[in-house]
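We have chain A; now place chain B onto it with these hints.
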Amino acid sequence: MKSNRKPGKPLDLVQIQAKLDQSPEKRVWRGLDELAGTPDYRDFLATEFPHDPRADKQGVSRRNMLKLMGASAALAGLTACTKLPDQKIVPYAQQQPENFVPGKPLFYATAMPLAGYATGLLVESHMGRPTKVEGNPTHPASLGSANVAAQASVLGLYDPDRAQVVIYRGRVGDWSTFLTSMDQRRSDLLELKGSGLRILTGTVTSPTLAEQIQSILAQFPQAKWHQYEPLSRDTVREGAKLAFGEYVSTVYHLDQADVIVSLDADFLSAGPGAVRYARDFADKRRISGPESTMSRLYVAESTPTVTGGMADHRAPMRARDVEAFARALALGLGIKSGDAASPPASVSWIPALVRDLQNHRGTSLVIAGEQQPPIVHALAHAINDALGNVGKTVHYTDPVEANPVNGLESLKELVADIEGGHVDTLFILGVNPVYDAPPDVRFADHLLKVKTRIHLSLYEDETAELCHWHVPEAHFLESWGDARAYDGTVTIIQPLISPLYDGKSAYEILAVLGGQAGSTGHDVIRGYWERQKPGADFEEFWQTSLNNGIVAESALAPKPVKLNLQVAAPAKTNASGIEIVLRPDPSVGDGSFANNSWLQEVPKPITKLTWDNAALISPASARKLGVTNGELVKLTSHGQSVEAPIWITPGQADDSLTLHLGYGRRRAGHVGSGIGFNAYLLASTESPRIGTAEFEKTGKTYPLSTTQHHHIMGKEGEEREEESVAALQRKLVRGTTLEEFRKDPEVTREEGDGNGPSMYPSFPYNGNSWGMTIDLNSCIGCNACVVACQSENNIPVVGKEQVSRGREMQWIRIDTYFEGGLENPAMYNQAVPCMHCENAPCEYVCPVGATMHSPEGLNEMIYNRCVGTRYCSNNCPYKVRRFNFELWSDWTTPSLEPLRNPDVTVRSRGVMEKCTYCIQRINRVKIAAEKEDRELQDGEILTACQQTCPAQAIVFGNINDKGSRVAKMKAQSRNYGLLEDLNTRPRTTYLAKLRNPNPEIKE
Amino acid sequence: MGADGLQNTPPLGPKVPVLAPGHTYATITDKISAIVLTQKTKKGWWAGLLVGLSLLGLLHIAIGYLLTVGVGIWGINIPVGWGFAIVNFVWWIGIGHAGTLISAFLLLMRQEWRQSINRFAEAMTLFAVACAGMFPLLHMGRPWVFYWMMPYPDTMGTWPQFRSPLVWDVFAVSTYGTISLLFWFVGLIPDLATLRDRSKNAISRLIYGGLAMGWRGSARHWHRYEMAYLLLAGLATPLVVSVHTVVSFDFTLGVIPGWHSTIFPPYFVAGAIYSGFAMVVTLAIPLRKFYGLEDFLTMHHLDNMAKILLATGLIVAYGYGMEIFMAFFSGPNTYDHYMILNRMTGPYAPMYWSLILCNIAIPLTTLWSAKIRQNVAALFVISLVIQVGMWLERFIIVITSLHRDFMPSSWGMYYPTKWDWAVYAGTMGLFLTLFLLFIRFLPALSIFEMRGLAHELKEKEDGGKH
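Chains A and B, in that order, are what the protein sequence lines are.
Residues in the first sequence are numbered consecutively from 34, following this note's numbering.
Residues in the second sequence are numbered consecutively from 3, following this note's numbering.
Hints listed in this document are in silico derivations from the structure and should not be mistaken for laboratory results.
Please note that a few of the clues may not be correct.
Unchecked claim - Some chain B residues near chain A, calculated using beta-carbon distances under 8 angstroms:
| no. | residue |
| --- | --- |
| 1 | TYR67 |
| 2 | VAL71 |
| 3 | VAL147 |
| 4 | ARG165 |
| 5 | GLY256 |
| 6 | GLY333 |
| 7 | ASN335 |
| 8 | SER412 |
What the hints assert, rightly or not - What follows is a list of derived Cβ distance ranges for each label pair:
| no. | chain 1 | residue 1 | chain 2 | residue 2 | range |
| --- | --- | --- | --- | --- | --- |
| 9 | A | THR734 | B | THR70 | 40 to 50 angstroms |
| 10 | A | TRP924 | B | THR367 | 54 to 64 angstroms |
| 11 | A | ASN897 | B | LEU110 | 40 to 50 angstroms |
Just so you know, even glycine gets a beta-carbon here, dropped at the ideal spot from N, CA and C.
Bound-form chain B, shown alone:
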């Protein structure tokens, strides 16, 4: 490329298609459904599944040991009562945000490029929420009584403490999980019918047929379907903002310096979208490569997502900046001042500076360049870097705020144990396993929406000719 490389790769305009030219309804259906129905299972898929199942096995062992011995197998202590479990919870739930944003928010915004990424982004959301949802349960001292956090009339007349953000969490996460599942499943119905119609195998026909719930593709079906989908989108959109806001309340409602901050809700939401889109990029790039879906997942998508990364990354950077500003603005000898100095120079300073490197220094300098945005390999690496960065952000928030709070006599350190790592790696295994099963057994891209997209594009093209 050379020095004038930037000029050679102009920013993508509307000319770069969201769907490669030449696709008809039939080719789209063939191509996407073939992954599920006709293609031989790829060796790479088996290898991935082996990794996923191994880690899932590790998760089972770790949970078994956890339930036998107690949360003492982790590195948590007094003062650091929350460790990897909460870090991972927030991280996973943040990752889950992109799905809703793409499915619902972008749908309402009529962003047509969402249609090739929404299906697997929704699946990703669902699986991320499943991973996230395990942590609040597992981190409890007595997980077998988790249902005490639900409001139900019991004989003792006891109710949850409605002032506690953890109870709000229960509602927020369970609502989010339910809506994500519904949205994903509703979105799947027409494609399940397609799979039912195309499968050669009686058993799969029976399963897909059952799941398709009698979808025949009549106009009335389509009418109601569109209405339901739109309504669900309307319901889900506030969740994009609310879920992570509630998650941030777990911290902001505490009195601990580093937690007690009004900037958390917006900056948590931005951070969630940041990490979520990073995860979509991380998944999209291998997916399009291994299954030859470059026609559907075009550079247009990747470029758009990279821009969203840039935008949300800037909001996150603003959040960090504000945190630092407020601490210094409060003046020396305040708790917040000490907290920030401790993050920057204390025992966890390497983590803090890695966070700045991963979340700000690397992505926010590189993603301005169209050349990098369109370099698939670079984008893949950056997306991974952001995920590491966002994990470190949660680590910094949870751990460094707790480890040195008000009473210096109680200051301590948190060191994760091998079991902390085992559970974390285990949930990655769960995620990987679920995701691989998903792309093997369900259409990873929305067939009917892609067909709709092809139609719309053709109309536009035809309209141009007139």
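Chain A on its own, in the form it takes in the complex:
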């Protein structure tokens, strides 16, 4: 660039202005033209915009042309460019070679920290792009399964709304400026011995992070570390302290328990060990024939949960009545439980339950729910102790958390310190208290009083908005870390990909604060573990731990505890208003997944609501209060009010509203902002989860989107749900009791079952003939399969409005039906993928033959032949087909391109799609077997839904192989097909659900 500017004469607008000011001529210029005419300005222009457009007059030079071509070629390839982390990561090399083979995915073991606790994962990586998450079979909290949050985490990684740059005071900053600034801050703080320094994190189980923080606290003795987790386990911890005098963690062994009592605990789908617990629970209830045994589950809960749906006896009651229930139970078992208030009148079977528990000493288990007060947890511990369950169905360990604290107290302490003017530098790492702290803490107001506020998070969220510095956080799939699982097992989290947006992890931020700026997450983690495992075999330890996804023998040892419980009399509550129970949302959790569209669109268990939270109310209470579905009501608690839409929920306790947290986000992103209402506003420090609210009708309505309609019919008191009545009448879901089943194993067979006559000869299947079974006795309805399928098969989301029009795209759905009165119905969850009918009604009606039968029995969809008449869907009795009414797949957002499974077509507008039994997985394994010239092994092919199912309810395989698991399942007497009287001969069949009620209890 040729510029006339003299060297050493930096110019900017300010100087130009100053110069003009000094000029003896008139002070006023008439316009910018005049200013532009000054030589200084021209000079300024040349330096500010060194590319002078006038230089282009000669056209593009050859050299420039080549430069441009090179740049555009590189930019064109940019979207497809992914970069492995610089450091060596270790693939899960049980079967795979340790190198890239184009087209062949590699699997890496890592872990997803959720509210601090790890779940082990295997992540599928295609040429350096993580595309799919599976559970890690060697990890105790997973055993190969993963829950909805883990399945959807890969979308979170590629979310285009993630924070992408360092923000300083609302403007784009950069990491090096941050480092400079922190360096300054650090030296200041060192002088002050850390006075005024506070670090706020979520629950920390990471040994490395804990050590980092401890060393920082050592450097800055006056600094303090606070932990606040919105979905806190404070009551769990306090309950343990109440019972044992110290914080301990509790580990359950549901596979050892014959009688299980849940005190408002949704242990199958919520909490750190849920995936493992669901597996153990299902294993204990697996039926292979009349001789099989089952555990028995009693549930007392306020809202129908996944766990409640599996109960053999379920008592809906207000959440605050669970304490009385627990006290009555304890009293029955001879535990001094204070003055037992009378248990809820609706539960007549407490004495029978007591006898059942007494008959199962050492094989029974009582579990209390996270939202219940400490006393309920303490009573559960006392009951388990009294029944001799400790060491058998439950054991205790040292706390899994690195530094267990009462999060709410910790937050209050922080706020008090701020108020006292003791805080001038606050690091907020990975949490969003401005959104999720109880409003009476007034966190946002106090936060603004802190002089320097530094925030690290995945999104520029509500807290980021109020902080000086915001640093984009690296996703767990792009950063190093470590975390403990529910039983203490440590996983070293290895990244699958370099940070997409130069995000930083908490380890790296703390390294800066600790004076080790420049150390990467890898250095920090590896450094910690080198100190833990000194010696020559460290490299081997490191490789093995990364490879397996667990640090061997890191689970915490059982810890002997001594019960020392003094139960106080129940406190008198004289709260007015209707009870409100704040629970984590089954999909978006505490709200941190609010911007994940897979999680927003997956229909929530039981209610089947999508894209919203609602005030769940019982049919009787809705009648009493005169409200209907979708009616907005105003709930006021502690001076805060929200407007919530009503959703009538069978099985909900009367006089109790359940509100799911995680909605009403202001700054979640394009997907999650401004939907639903923020139930945190009704929380308070005294009643963080169970409270009361004033109820007021507004007369307004709000559209809610659900995937399964519920029409309540019948007289008052005898209401039924029309859909459920029809489903039971049509024998779509079948169930009986264990006792009936033992008397007659064929009891669930119905007229019309089996293959009817056909005019055509049967097609001979000499090789493979694929089939699937879904055991209704195991399926808990947790949705993991739905999201797994969405991720595996590149299924688009359609948004709330389209869902309300009936155009959701998920290939597998969970149907929920209710049996019995709506006040406390039995629930059936039924996962419905394509049936792959042998006589498929969809096939013969397609005018272009776009859906055909494969020689292995699959009902195949040929997307590029489909013209979109939708006749196949109309004629599908199971309505499992999904149509691209518009262009649903996102073809334009670059960051979503690497997310896609390269083995599955991304569908365009106007074509039909449906479950394929994961044909890409079938073929991958078939090709491998063919290359190795061997037979396929049973269980070698796992469909995405089957692989992730925590309860292992789904079995897929070759029906022709009589020894295969699927063939054995189909041979069971509980096996039945849907609508077999139509002679469709479905390949997906179901096994009837069994309940194991206490014969003493007549309901």
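Same frame as chain A, but now just chain B:
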């Protein structure tokens, strides 16, 4: 009229003429050809054309938007994969049935009264088929590959799925469209020659002359012409039955309760004739009024058509009755039982009862009365009511069967969007526009056949004198 009104209007006997007395060849030719050649275009025609073209414009916008965005602009979903498009398709194609029936079937039956209504009934058929034919194309997810439904040898060796009723539809509707066009055009040739001979304008002479294909009216021409016409009639007659039978197969071959029924073919054909004749009545009444054609379109015609409405209406009613009977006969807790109960009491019950009102309650009680049959205004209203009813019938069949089928978890609702309505109204605009252009530029009544009719009547009269 009073209480004894019925006696004052006896049923029309053979004495009521199919052609008003006093007409000669010349007056017939003058009167009919004048509409095209000499009369000043009526203001009402312009007004009608404005309405037609406006709706046609709406159709263009709706189709443009449809092709840009996709069928998602309509209210269809899973489970209701077919909505207005298929309802309208069946409705229009049903309307089209009267034309063939009148032209071919009644010709073979030697029903002389058909001759004054066949021309515009055929035109109506053609335009209705044109409207109908758009829907199966537009309702496709990817309409630009519609030709994949045709059997043609392509390089991939792929063929349509011949077991699919939709492929049969392609053949049935395209055959029907072709035969209707041929029949209509062949029927027009002598009249086009008349227009050629009578037009004063060189351009119109050239156009009509070209279309008349050298017709000179020689005996040989007439001989061959009659033969060809009769042959075409013979070809077209089976289509009266077959087309709507095939259309009904779209439903009956499905497994869905409410579709899977053996009674559909006959009851669809009857329904088609029902709606088709209703449309002929709807068009004939204003046509004879505005163009003063009462002499040619006499009460005799209207009365006959009303009787056909009554007869086909009764068949349709039988079909409904049978559907209900079979459902209850199958016993409670069957899919069909639920389907009928859902139609009668479910969310679409108002539509179902409107259908019963429009198709059965109103026409089948009133049309027995000769007085009403001969009341032009009443007949006009009834014909409109029947068309609404027949549209509702297709809506009930398509929508209520799909919206609650086998799996209660997938039950849903279908609500038409404004674009559903826009396309429907748009095809009405297309129909109206085409029909108005037809009556302006072509003889709406068959001149030569009317002349033949006058001749025959005169002969009869003369024969009586002898």
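Original post:
Would the hint on VAL71 (chain B) stand, with a C-beta cut-off of 8 angstroms toward chain A?
Top reply: holds (6 angstroms)
Subject >> Range agreement (Cβ of THR70 (chain B) with Cβ of THR734 (chain A), hint 40 to 50 angstroms) >> reply: With Cβ atoms ~33 angstroms apart, the hint is violated.
**OP:** Determine whether the Cβ-Cβ distance between ASN897 (chain A) and LEU110 (chain B) falls within the hinted range of 40 to 50 angstroms.
**Re:** Roughly 48 angstroms apart at Cβ, these two residues keep to the hinted range, so it holds.
Subject >> Interface restraint verdict for VAL147 (chain B) against chain A (beta-carbon cut-off 8 angstroms) >> reply: holds (5 angstroms)
**OP:** Would you check whether ARG165 (chain B) satisfies its interface hint, that is, whether its CB is within less than 8 angstroms of any CB in chain A?
**Re:** With a closest approach of 4 angstroms, the ARG165 (chain B) hint holds.
Subject >> GLY256 (chain B) as chain A interface residue, shortest Cβ-Cβ below 8 angstroms >> reply: For GLY256 (chain B), the interface hint holds, since the closest Cβ of chain A sits about 5 angstroms away, which is under 8 angstroms.
**OP:** Classify the hint on GLY333 (chain B) as holds or violated, based on whether any CB of chain A lies nearer than 8 angstroms to its CB.
**Re:** violated (12 angstroms)
Subject >> Restraint outcome when TYR67 (chain B) is required to lie within 8 angstroms of chain A by C-beta distance >> reply: With a minimum Cβ separation of about 12 angstroms from chain A (threshold 8 angstroms), the hint on TYR67 (chain B) is violated.
Subject >> Interface hint outcome for SER412 (chain B) [beta carbon to chain A under 8 angstroms] >> reply: holds (4 angstroms)
**OP:** Evaluate the given range 54 to 64 angstroms for the C-beta pair formed by TRP924 (chain A) and THR367 (chain B).
**Re:** About 58 angstroms separates the Cβ atoms of TRP924 (chain A) and THR367 (chain B), which means 54 to 64 angstroms holds.
**OP:** Tell me if ASN335 (chain B) is really an interface residue toward chain A, meaning its C-beta lies closer than 8 angstroms to one of theirs.
**Re:** This interface hint holds because 6 angstroms falls under the 8 angstroms limit.
Hint violations for this structure: numbers 1, 6, 9, all remaining hints satisfied.
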